[in-house]
Structures are given as C-alpha cells and as structure tokens.
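Protein chains: 2
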Amino acid sequence: MSQLVADLVDIAGSDAVLTGEDVSSRAVGIWRPQGIQAHAIVRPRTTEEVSAILKLCHDRSQTVIAHGGRTGLVEGADTVQSDLILSLERMNQIESVDDVNRTMTLQAGVLLQAAQEEAERHGLLYPLDIGARGSCTIGGNIATNAGGNRVIRYGMTRDMVLGTEAVLADGTIVSSMNEMIKNNAGYDIKQLFIGTEGCLGIVTRAVVRLRELPRSQETALVAADSFEKMPLILKHMDAYLGGTLSAFEVMWNDFYRLVTTPPAKQRPPLEQSYPIYVLIEAMGGDQENDKVRLEDALAEALDKGLAKDATVAQNGDQRRQFWAMRDDVEQIFQYDPMFIYDVSLQVPYMERYVGEVRDNLKRRFGHHQLFTFGHMGDGNLHFAISAGKDESAHHDVNLCVYEPLRPIGGSVSAEHGVGLEKKPYLDVSRNDTEVKLMRTLKSALDPKGILNPGKVFAA
Amino acid sequence: MSQLVADLVDIAGSDAVLTGEDVSSRAVGIWRPQGIQAHAIVRPRTTEEVSAILKLCHDRSQTVIAHGGRTGLVEGADTVQSDLILSLERMNQIESVDDVNRTMTLQAGVLLQAAQEEAERHGLLYPLDIGARGSCTIGGNIATNAGGNRVIRYGMTRDMVLGTEAVLADGTIVSSMNEMIKNNAGYDIKQLFIGTEGCLGIVTRAVVRLRELPRSQETALVAADSFEKMPLILKHMDAYLGGTLSAFEVMWNDFYRLVTTPPAKQRPPLEQSYPIYVLIEAMGGDQENDKVRLEDALAEALDKGLAKDATVAQNGDQRRQFWAMRDDVEQIFQYDPMFIYDVSLQVPYMERYVGEVRDNLKRRFGHHQLFTFGHMGDGNLHFAISAGKDESAHHDVNLCVYEPLRPIGGSVSAEHGVGLEKKPYLDVSRNDTEVKLMRTLKSALDPKGILNPGKVFAA
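Residue numbers (my numbering), protein chains in the order written: chain C, 1 to 459; chain R, 1 to 459.
Hints should not be assumed to be uniformly reliable.
All copies of an identical chain are treated as equivalent in the list; a pair is satisfied when it fits inside any one copy or across any two copies.
Simulated pairs of lysine-lysine, DSBU-like, Cα-Cα distance not exceeding 35 Å [stated by the list, open to error]:
1. Lys-362 / Lys-448
2. Lys-55 / Lys-308
3. Lys-436 / Lys-448
4. Lys-55 / Lys-304
5. Lys-389 / Lys-291
6. Lys-291 / Lys-235
7. Lys-235 / Lys-265
8. Lys-389 / Lys-304
9. Lys-448 / Lys-308
10. Lys-423 / Lys-55
11. Lys-448 / Lys-304
Honestly, the hints are just simulated from the structure, not real lab data. Small disclaimer: the values here were computed from a predicted structure and weren't measured.
Same shape as in the complex, but just chain C:
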C-alpha cells in the first residue's frame, strides 16, 4: 500500500479507497470501454472528507481528477497512472426539497434522473434533461454546465444552480449554498465552479431551482423543404406558443433516415423525403387548450408555407416514440470509428456552415458519412462523422468541422466542454486574452495546478 493510499484510508476509511483491478476494471467513459489508469480512486462521503483529501494532495502536489458519471464526451475526466481520482459516487444524497421555495438541496453525486424523479414526486420539475440522465451526476452537470433538450426554455445548468459548496485545491471549503433566485451580495463566486470542468474546485453539494411541473406536454414532428425555413418556423412557433416552447430539435435528412430505418427501432412518422425535420415540444398549464394551441400554430405554419408536413403526438406513447427517435443517437455506431461534434454558431450562418463542412469532408475524404442534428433554437449543432476505418482521420475531420467556425465566431463546444479532446482547437473560439484570463483564474485558485491538470488549455 502506498503512503498516499494509507493516508486516504485514514481520512475516508478503507472501503472508500479503490486500487488495482477495482480501478482498471472501470471504463474510461461512455462509448470508451478501455480501463481507467490511476493510482487510486477515493470515494469520500462528506465535504469535510473531500477537504481533507485535497489538503493532503495539495501538500504533496498530488494531482486530483473529480469523477461523476463519466458520461462526458471530451476526455474531460481522463487520467494517467500517477493521478488520484476523487469520485463523488457515495455523495449521492438528496438532502431536501422545499415545495414552496421550489428548491432542492443535494450532494454532487446524485444522478440527474434521481433529482428529476424526486422533483416530480413533489409536483415540481428539475428541467435539465440530457441523454445521459440515468448515469450522469449533478456535480458533473455543474462542472460541465450541461445543456440538453430544454435549454431554449429553461437555460443551461448555470441557470438552474442557485448555490454550491465546493472545495478549493488547498482544501478550503467554500460553502455558498444560496437558496434564492436573486442574491447580489457581492461577486457571484459559484460561477467559478460552473462550467470550469473541475479545474478550479470540486463541487460537493448544490442548491438547484425547481419549476412547477408542467400540466401539458405536446410534441410535434414537422418537415420543411429547406433549411432556411427552420429559423422562420422557430420564430413563428416561439411567438405563437408564448412561453411554452420547450424544445426545438432539428434533424437533417441524413440523421432522420438513420434513426427511422432498421436497425433503428422507430419508423418514420413523416415521409423520409424532406431535407429537414424538427421535433417541437411545448410544456404548458392546460392540456386541452395547449394541444389546440400547438395544432393552430402548426396549421398556420403550413398555411404560410413555412412547413410542408406536420404530425402531433396523440398520446404519451407517441410522444415517447418521437423522442426515442431523436435520442437514438447510438445508431451512428453502425459506423466505426465515428467522431462526434458539438458546435454552436449564429443561426443565420447555419445553412452555409453545414454546407462548408460537407464540402470540406468531400474534398478531404471523398466518401464519408455525415449525420447532422441539434438544438437549433440554441444555435447548437451536433455532427456525427465517419470518414473511413482509420482513427488517424480524427484530426483532419476536426479541421473540416472547426476551421469554418473561425471567421464566424462559432464555438467548438456548445455544451460538451473542452477537456483534452478540444483543447487543440480552443483558439478557434477563444482569443489569446480570453485564454490568458482563464489562466489567471487557474493560477489564482489552483497555483500548484493539481486539479484536473492539462484540461481545457495548456498550463
């Protein structure tokens, strides 16, 4: 047993510390089956234990990487053999729900789906929703500022977090468990821990804002004859539906065919011949009237020639089928290797940009597979791209996708973060002074650089 492991056992108990096969038998991440490399995994149960562990590591300049559900897609929690992993998996308690204040206080290791379900038991909604809901954690959501399907209505994780408790690199506990929507008493320091990928501190607990549980949930699939109709459909639906529009998920023909053709489970609710589709959802307060409202809005969109065809889910089963289609992203793994992208850009540039990516791929690779979908209402597109059997194509595919973002101020990461994977491309989206300021923060909060070292930008 190493001295580090012995000291960790002293702090957190022997059942808290994993070594050897208990480490290497864990997969690095979703869709990445290789085993974790690390000195040990420590699994504290309290903020105080996290503090003691970080103090120990700080004294020894021991690197520490926080682990949540390991569902990130940018190598943001990757480790090397000399690293210590601090897993929040045993800090999985929902501490309280306040029905009147509409807040939930919980530990960072709580699964997103557990938080959603607990809110629902109180007639409330925790609106964050992403495909990884069953295995990702609240702490991971905070560290990556997770987005997902309902950002257009409820914002990203940043917009839902009222308070955090975090531990700094040197073990200092910064408890800032604000429970109010508004609190301008000094700098809002919790922002330091949201979306900073575990580089400035480790979040151990949080207070999140809940909403009233919608009484209606209406879902439609709409087809259009060109991309340029999509922003017009978005504006039309958004205005018509008032504040109830909760999702606007665009699928290009390539993606739509993929997820509605065997071996995919779902069949196409609308013909496969349109160039573009959008899954629209509204969540409101009155089931009957909200459905009529959605149908009226769609009828007007069809009348005006914005949409070519549309179908409204007639019941919960149909709604789940529509979403199962949109969520069946794993169909892309019919191709291997498959590279996944998460970019954002201004909506007016979107059509031209997608064309440029396609042209770049054609020019560089000739034959390739490109699937395009995304949260268009947020300016967020996802690509899944296969360019042959050679893993080494990854860098060239990256250039095909990222370089056209540079002149239009687009982002190489809308919601997935940077991690190691996008670090070489950060300069596409951030200028030198922005990165220098990030470095200033890192130096101020973690001068020894022990927290998630090497992620996001070069030290």
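Using the hints provided, position chain R relative to the given structure of chain C.
Okay, now just chain R, sitting in the frame of chain C:
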C-alpha cells in the same frame, strides 16, 4: 490643468474631459442631489480609448470609477476628490440587431429604454425592465446584475448577456463578444464582469439575447386575506399559466394604501382593506385565449379560497394604471429621511421575517413607517422605512432589517448590489471564505486596486 487631465485630453480629446463645475454640478445619484466630487470625468468613445485611459491610470495607480446612469441605490459609484470618473455616456451606440439570431450588439452606455425600444422595432423583446429604464445604462445593468419586474420569467441581467467586451485594470481589452446561447469553450469569463460592480473590469460593449415580442400582455390585481396565501397563489398561477407568468409583484397593505391614496395619482382598483395584494402579469402568444386563461386561473384561485378578490385590466390604459401604482415608489418620500431595502430570502420564511422586522422597528423606535413590497416570486422584498427625522437612525434601522436575515441565510442585497452602503452588512449574507475568494479574484484581476476601490468589501 493637471498632468492627468492633460494626458486624458491627449487620449480622448478635450471635449471628452470634464473638470470643475462640470463635475460638481452633476448629482451623485438618483434621490441624492449633492454634487459629485472627483478630479475629472473622462468620456471615451471607444474601447480603445478606455484601454488607453486605464493603462495610464494603472501606471500611476490612479483610482477609476465607471459611471453609467448613476441610478444605483447602494453608493456603488460614489467617488472622492482624488478619483477619476470614467463615464460611458458617449458610448451609446446600438451597433446591430440580428432578427434571426435574436441578439443585439451594443455599447455599454446605451440606455436600457433605448435598447428595449430598438428591440421592439424588430418585433423582439429585451426583457430586462426596471424603474430606472429611462436613465440607467446597459453597462450599469451588467455591472450590477440588474433584476426588476420580469425576473421570474426571464431571469436577471446575467441570464440575458451572451457576450461582453471589457477592459481590465491594466488596460487589457478582453473581447468576448459571444453571440450564441450556448458556448462551453473554456471558462465563461464574462461572468467576472457581471454583478461585480466595476471592481474587476469596465464593460464597454455587450451582446444581449432578445426574445420574441409577446403578442399578449395580461395584467391582474389580486387581493388575499393573509400572506400565507401568496406562495400558494404563486404556485397556482405559475402552474396554470404554463410558461407565460412574467411578473408577481406583492404589495403589503401599507404600500398599497400609500400608492392608491392622494397625493398618489392612482385610485385603488380593489378595496384597501385586504392585508396583501399581488400584481400578476402574463405575456403570451395569443391575446384572446391568454386573457381567458388568466381569468380562468383567477376564478379557480377565488374558488379555492386562495384569493379574496381580483380584477383584470381590460385594456392597455388600465394595465398602465396598475403598473403606475406599483411603480409609484416615490410616494415614500412623503417621509424624510426614508431608508430603502432590497433583501431576499426563502419564500417560506417571508411572513415571519416581515413580522420580525416590524417588531424590531417597534421595539427600537416605537413610531415608524414601514412600506413593504417586492418581487415575491423571486424571494425579493423591498422595504421603505422611516424612523423619525434623524438620519443617524439609518444604522439602527439596518440592524432591524438585516439581523433577522442571518439565521435564515437571507441576502442583504437581492438586486441592488453592495457598493459602500451595504458593505458593513455583507457578513450577514456571506461567510469569510466566500469573501476571501472574492478578494482572491480582486487581487488577481486588479492587483493595484484602482477599480472602484473600497466597494463591496474591505480591501
């Protein structure tokens, strides 16, 4: 002419620099007619000029205080004779509006109302709305993370700002003019400039998010027989109205009487005998149906015994009268001196807390005037308190209001900020490690302490 003034003239031109009476003839702030004390006011026209000015000041350790519309209420932009004021008043250009991307790019000196009106000309909404709209600036809104009447629906300024351009203490321009709703490419450094009261940098330009202009705006005044009904009315209306609820402004009887009794201009739309009232607004997509929806929701609230009486504005004039009543805060100046508060706390504690404040005032002062109102949906209460003619009562009144917040985790500033006024009470709401982390940020970004020195917390 001092050397500083000569150098400022070199940078920005002689018409950019004000001294002597041109400085002292300006009022310190709204409701504070005394003249400004400062070495000079410099009024740059570009970010580059701001950068050159700050570089000059940094080299000389010259203190700099940014001025927007001077409508802040916490002495957050106060100066002393040796300070330089950097006013953004000539950086008042709206640079562009993108109707499809639904964003506006503008300089920091643009008036809030000008931004609102420009958005409206494009069929869009800039949802931030506060009483000072006609004189406050976008830059001031950002520096103070302004809130206002529609936070419950659209969030605070933080939630509307997509990008900023800011100048650091040493003159470094940090241009981070992101135009997307989602951008997780590295730390979100604009958060450093939002709500930090000009202490970490001076914002010169911004990109803000716009929304579709609501097609309906329905307003109701509702009376209840006890405070405890209010959170229930909020939950009921919020759930019933789906996503359209846009304001929930509570008025205690003391405030309601004040603003519906001469010399106030408005007459009471509902009897003055109820202990508590709420102004409710919904903004939606369908004028006719949204009005019916609001009326149905109110009918149910009356049926259930949540509300005792209610009236819906029948047209735009009535709606404006309802709001004129709520906004007629200046009636409090029938009493002088009058102290104004802006606290936030968890909704379930609100009734007991207001009682404690009342008891504290009675015990300490005997006769006093207390007016209570606020954005209850956000946990935000305002008090206006008069405790006799003696200005020196201010500190004791502060203690009556702030001390009961300490055990319940309330905030001494929901939306006004800290400035100088609330600095002595920051410890009610923030613990030592939170303030220490604020100090770490201040030291990292402004090591010489030249930006808005002495504000928010002690150096």
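A quick look at each hint next to the structure:
In this assembly of identical chains, Lys-362 and Lys-448 lie within 35 Å of each other by CA distance neither inside one copy nor across copies; the values are 45 Å within and 54 Å between. For the homomeric pair Lys-55 and Lys-308, neither the shortest alpha-carbon distance inside one copy (61 Å) nor that between copies (58 Å) is at most 35 Å. Proximity of Lys-436 to Lys-448 under the C-alpha cut-off of 35 Å is found in both arrangements, the shortest distances being 17 Å within a copy and 19 Å between copies. When the C-alpha separation of Lys-55 and Lys-304 is checked against a cutoff of 35 Å, the pair qualifies neither within a copy, at 64 Å, nor between copies, at 56 Å.
Proximity of Lys-389 to Lys-291 under the C-alpha cut-off of 35 Å is found in neither arrangement, the shortest distances being 47 Å within a copy and 60 Å between copies. In this homomeric assembly, Lys-291 and Lys-235 come within 35 Å of each other (Cα to Cα) both inside a single copy, at 19 Å, and across copies, at 22 Å. Taking the closest pair of Cα atoms, Lys-235 and Lys-265 come within 35 Å of each other only inside a single copy of the chain (32 Å); across copies the shortest separation is 40 Å, beyond that limit. In this homomeric assembly, Lys-389 and Lys-304 never come within 35 Å of each other (Cα to Cα): the closest approach is 45 Å inside a single copy and 66 Å across copies.
In this assembly of identical chains, Lys-448 and Lys-308 lie within 35 Å of each other by CA distance neither inside one copy nor across copies; the values are 58 Å within and 62 Å between. For the identical chains of this complex, Lys-423 and Lys-55 are neighbours both inside a copy (28 Å) and across copies (31 Å), given an alpha-carbon limit of 35 Å. In this assembly of identical chains, the alpha carbons of Lys-448 and Lys-304 never lie at most 35 Å apart, being 61 Å within a copy and 61 Å across copies at closest.
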